[in-house]
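Q: Dock chain B against chain R, hints included.
Each chain, written out:
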Amino acid sequence: MTDSRNRTKSTVRNHRLTKLILLGLLLGAAGTGIALPFAYESTTMWYKIGLDKTLLRAGKICGLLTVTLICAQSLVGLRPKALEQAFGAPSLLRWHRRSAALIVLFAVLHALLILVPEGLKNLPIGYKFWPEMIGGGLLALLVSQVGYSWARERWRLAYQRWRTIHRYLAWCILLLAPVHLLFVSEMFSQTVPRLWVAGVVGGTLVTHLTVRLSRRLAVHRR
Amino acid sequence: MKKYKIFTLIAVIVTLGTSSAAIAAARQWEIDKPHANFYFSVDHIYSKVRGHFDEFSGQVHFDPANLAESSFVFDIQVDSITTAVAKRDKHLQSADFFDADSFPLMSFRSTSITDAGNGVYQVNGTFTVKGADHDLNFPLTLAGIKDHPAAEGKEVAGFNGSLTIDRLQYGVGTGKFYDLGIVGKDVEVFISLEVLADK
Chain R
1 MTDSRNRTKS TVRNHRLTKL ILLGLLLGAA GTGIALPFAY ESTTMWYKIG LDKTLLRAGK
61 ICGLLTVTLI CAQSLVGLRP KALEQAFGAP SLLRWHRRSA ALIVLFAVLH ALLILVPEGL
121 KNLPIGYKFW PEMIGGGLLA LLVSQVGYSW ARERWRLAYQ RWRTIHRYLA WCILLLAPVH
181 LLFVSEMFSQ TVPRLWVAGV VGGTLVTHLT VRLSRRLAVH RR
Chain B
1 MKKYKIFTLI AVIVTLGTSS AAIAAARQWE IDKPHANFYF SVDHIYSKVR GHFDEFSGQV
61 HFDPANLAES SFVFDIQVDS ITTAVAKRDK HLQSADFFDA DSFPLMSFRS TSITDAGNGV
121 YQVNGTFTVK GADHDLNFPL TLAGIKDHPA AEGKEVAGFN GSLTIDRLQY GVGTGKFYDL
181 GIVGKDVEVF ISLEVLADK
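Protein chains in written order, with full-length UniProt numbering: chain R, 1 to 222; chain B, 1 to 199.
Same shape as in the complex, but just chain R (with noise of 0.2 Å):
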């Protein structure tokens, strides 16, 4: 009896750590993201001045949010067993449906602080502004995402087909997402920038591949 509790025990203290770990690399890597316009300035933020200088920092915040909140997003969707166990499956479920309308909030965000200190009528279109274009790319396959899902609740579509292309536009957006973030700006030419879209980034697909590859397996050896 006293063994069962105090393994009740240890387990709930083990719990509580992947919590706080889980949980601690998240604001790290939200908070590192946030430092990172004001510690590594582009040349671009050189010639904004006042307001279109703060517009463009906050614009940058936001972006570098909603890639954290996007890997945040996909190893949630992943569901490995230590994050389910820790924090449960349904408050996961309520964790991915909040966090997909605060990615679409922040990328919309970016996109208009971005632009509007150049002009919304001045958008960057063609072929030299294709980073910019991958971003505007970027921002419609999350509105499709939350839009699709939406939709699928409300007028009960399709699970399976909604499933699948769920997952094919999640991995889309995983992988586009650093292209845009290291072409679009000059300040991820400097070595802590890609370090951290290396880790962010790099560390959630390499989290996607030792999962799928340890399930699978688990599956051979059954």
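Note that these hints are calculated values from the structure, not bench results.
Note that CB positions come from ideal geometry on N, CA and C, so glycine has one too.
Hints should not be assumed to be uniformly reliable.
Each pair of labels, with its calculated beta carbon distance range [claimed, not checked]: (1) B:D54 x R:P90: 54 to 62 Å; (2) R:R94 x B:E55: 52 to 60 Å; (3) R:Y127 x B:N66: 40 to 48 Å; (4) B:Q77 x R:F38: 36 to 44 Å; (5) R:L25 x B:G181: 41 to 49 Å; (6) R:R156 x B:D54: 47 to 55 Å; (7) B:F103 x R:I34: 34 to 42 Å.
From chain B, some residues computed to sit far from chain R (all C-beta separations above 10 Å) [what the hints assert, rightly or not]: (8) G175; (9) V187; (10) V189.
A: Positioned in the frame of chain R, the structure of chain B alone reads:
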């Protein structure tokens, strides 16, 4: 019979009028776009940033023997500005400089051309920037007129000219980047044109 005479008279007048107009108009030349451009250079702190405009059109009527009927008309698309840095180009198109969305074209229309000697022609005209007209005079050197070495049946003429303009007088920028010592106000403009005409 009387009717026929009147028609003949009208036909003669029209023919004479058309041919005299053709004689009066200076020779029309077509801009050879791959070999023509409007380049500029502006100070950036210590260095010089160079650029040009990819999209422009124009009409050139030029005859050294008939300057009164010669003219230069150029329309430059502001959003085609190129300085080899995409973000800088976008900034130059913004309201901080050209405001390309509100004023997509810059144009020059000559009003008179005078011979300044030694193959130099003084071109006087109206330069419209951001919707405002400004008088502009600049020298254009006729590099020559000859048979085109590569295109049979065509003649080529070449013009080169340069001038320096104060961009702030043309409303290109409010002066904040000049006051900060970042972007100069004097812009060196270099016009280089090859124009073609059938022989």
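Q: Take the hints in turn and mark each one as holding or not.
A: We went through each hint and held it up to the structure:
1. B:D54 x R:P90: 54 to 62 Å: holds, 58 Å
2. R:R94 x B:E55: 52 to 60 Å: At roughly 53 Å between Cβ atoms, E55 (chain B) and R94 (chain R) fall inside 52 to 60 Å, so the hint holds.
3. R:Y127 x B:N66: 40 to 48 Å: Once the Cβ atoms are compared, 44 Å apart, the range 40 to 48 Å for N66 (chain B) and Y127 (chain R) holds.
4. B:Q77 x R:F38: 36 to 44 Å: holds, 38 Å
5. R:L25 x B:G181: 41 to 49 Å: holds, 44 Å
6. R:R156 x B:D54: 47 to 55 Å: Since R156 (chain R) and D54 (chain B) have Cβ atoms about 53 Å apart, the given range 47 to 55 Å holds.
7. B:F103 x R:I34: 34 to 42 Å: Roughly 38 Å apart at Cβ, these two residues keep to the hinted range, so it holds.
8. G175: Its Cβ never comes within 10 Å of chain R, the nearest being 12 Å, so this holds.
9. V187: holds, 17 Å
10. V189: The claim holds: V189 (chain B) sits with its nearest Cβ about 22 Å from chain R, beyond 10 Å.
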